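With the hints as extra help, turn the sequences into a complete structure.
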Amino acid sequence: MLRMNDKKRIEEIKMKIEEIKEKKNEVVKLQRYEQAANLRDREKKLVEELEKLLPVNE
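Quick note on numbering: the sequence shown equals residues 1 to 58 in my numbering.
Treat the hints as calculated values from the structure; they're not laboratory data.
The structure presented is a predicted model; accordingly, all values stated were derived computationally and were not measured.
Heads up, a few of these hints could be off.
Claimed, not checked - Pairs of lysine to any residue residues, derived as SDA-like cross-links and limited to a Cα-Cα distance of at most 20 Å, are as follows:
1. Lys7 x Lys45
2. Lys21 x Arg42
3. Lys21 x Glu34
4. Lys16 x Leu50
5. Lys7 x Leu46
6. Lys52 x Asn5
7. Lys52 x Leu2
8. Lys24 x Glu48
9. Lys7 x Leu54
10. Lys52 x Ile13
11. Lys23 x Glu11
12. Lys23 x Gln35
13. Lys23 x Leu46
14. Lys23 x Arg42
Rendered as structure tokens:
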């Protein structure tokens with residue numbers, strides 16, 4: 001069972017991931033590939049953090 005703090009953190013991470021995806025798409029369109037790579041790395045770390053918080057069956 002998830003604690004309330006975990007649920008809140010999960011929602012925060014999901015929102016950050018979406019924000020990063022949008023920003024990453026913007027910078028790719030502007031051909032700022034190094035910045036896009038940095039955003040990709042941040043996104044990956046957040047996804048890993050999210051996976052640690054989610055129960056196995058989700």
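Hints and how they fare:
no.	hint	verdict
1	Lys7 x Lys45	holds, 18 Å
2	Lys21 x Arg42	holds, 10 Å
3	Lys21 x Glu34	holds, 15 Å
4	Lys16 x Leu50	holds, 11 Å
5	Lys7 x Leu46	holds, 15 Å
6	Lys52 x Asn5	holds, 14 Å
7	Lys52 x Leu2	holds, 12 Å
8	Lys24 x Glu48	holds, 18 Å
9	Lys7 x Leu54	holds, 9 Å
10	Lys52 x Ile13	holds, 12 Å
11	Lys23 x Glu11	holds, 18 Å
12	Lys23 x Gln35	holds, 10 Å
13	Lys23 x Leu46	holds, 15 Å
14	Lys23 x Arg42	holds, 12 Å
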